[in-house]
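K.L.:
As given, the protein sequences belong to chains Z and F, one line each in that order. Positions 1 to 111 (this note's numbering) are the ones given, in order, by the first sequence. Positions 1 to 112 (this note's numbering) are the ones given, in order, by the second sequence.
No wet-lab data here; the hints were simulated from the structure. Heads up, a few of these hints could be off.
Here are a few chain Z residues that sit away from chain F, every Cβ distance over 10 Å (derived from the structure) [unchecked claim]:
no. : residue
1   : ALA29
2   : SER43
3   : VAL109
Below, a list of computed lysine-lysine pairs in the PhoX-like style, where the Cα atoms sit at most 25 Å apart [claimed, not checked]:
no. : chain 1 : residue 1 : chain 2 : residue 2
4   : F       : LYS24     : F       : LYS52
5   : Z       : LYS37     : F       : LYS40
6   : Z       : LYS3      : F       : LYS40
7   : F       : LYS52     : F       : LYS79
8   : F       : LYS24     : F       : LYS44
9   : F       : LYS24     : Z       : LYS3
Now the stretches of chain Z that chain F is said to cover, found in silico as 3 or more residues with beta-carbon under 8 Å [stated by the list, open to error]:
no. : stretch
10  : 30-36
11  : 45-57
12  : 87-100
Quick reminder that beta carbons are idealized off the backbone N, C-alpha and C, glycines included.
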Amino acid sequence: GEKVEQHESTLSVREGDSAVINCTYTDTASSYFPWYKQEAGKSLHFVIDIRSNVDRKQSQRLIVLLDKKAKRFSLHITATQPEDSAIYFCAEMSNYNVLYFGSGTKLTVEP
Amino acid sequence: ETAVFQTPNYHVTQVGNEVSFNCKQTLGHDTMYWYKQDSKKLLKIMFSYNNKQLIVNETVPRRFSPQSSDKAHLNLRIKSVEPEDSAVYLCASSQGGANTLYFGAGTRLSVL
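In isolation and in its complexed conformation, chain Z is listed as follows (with noise of 0.2 Å):
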């Protein structure tokens, strides 16, 4: 089966409101979860990432949740503005230090 799973794959929320992805793994050697952004017809680039010593990060509008436990880990996009429109990846670092990626969440920002 897949190393990460994405939960939604499309997400809809008003600017200004939170928008939550939220991601499962099933591998508990998994110790490095980044999460990447694609907008429309460009390629990818890192938005933010959590390693397993932590349950959680924060950069400016973006929270990152980790539960060990549950093999699940979150992002929360809060006062999300037109701009955060774009398909959200979430990954896992498994052996040989490769990136396995979710399936993606698509999210909207409605004015």
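Use these hints to put chain F onto chain Z, whose structure you have.
P.N.:
Chain F in isolation, oriented as in the chain Z frame:
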């Protein structure tokens, strides 16, 4: 600021032809990757190289072969393309493993 360069941007070819894609990174990273992104935006790792050595070769058909001349370059050759090879091929680099990946703009392949 682009630091992972891929050529060409687009390539249209016919079934059975051979194609080659180039990737160069100017970040001084020691690890490079090829990912395939299909029409549903699904991302699949194909190959991973560390200092010119193949580290990971996921379940990829034999017609795909990576080529690395030095740690800054990782090319991809497809010997005899098939329709299911139509996708965007993304090259990326990182310093070590559990660190940020920097992606190129991608090469879009269309197989007619």
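K.L.:
Look at each hint and say if it fits the structure.
P.N.:
Verification of the hints:
1. ALA29: holds, 12 Å
2. SER43: Violated: least Cβ distance 5 Å, not greater than 10 Å.
3. VAL109: Holds: least Cβ distance 18 Å, greater than 10 Å.
4. F:LYS24 to F:LYS52: The hint holds at about 13 Å.
5. Z:LYS37 to F:LYS40: holds, 15 Å
6. Z:LYS3 to F:LYS40: Distance ~18 Å between LYS3 (chain Z) and LYS40 (chain F) Cα, so the pair holds.
7. F:LYS52 to F:LYS79: Holds, because 21 Å separates the two Cα atoms, which is no more than 25 Å.
8. F:LYS24 to F:LYS44: holds, 20 Å
9. F:LYS24 to Z:LYS3: With Cα atoms ~29 Å apart, LYS24 (chain F) and LYS3 (chain Z) exceed 25 Å; violated.
10. 30-36: n = 4 at 8 Å, threshold three: holds.
11. 45-57: n = 4 at 8 Å, threshold three: holds.
12. 87-100: Per the Cβ count (8), the hint holds.
When each numbered hint is compared with the structure, violations occur for hints 2 and 9.
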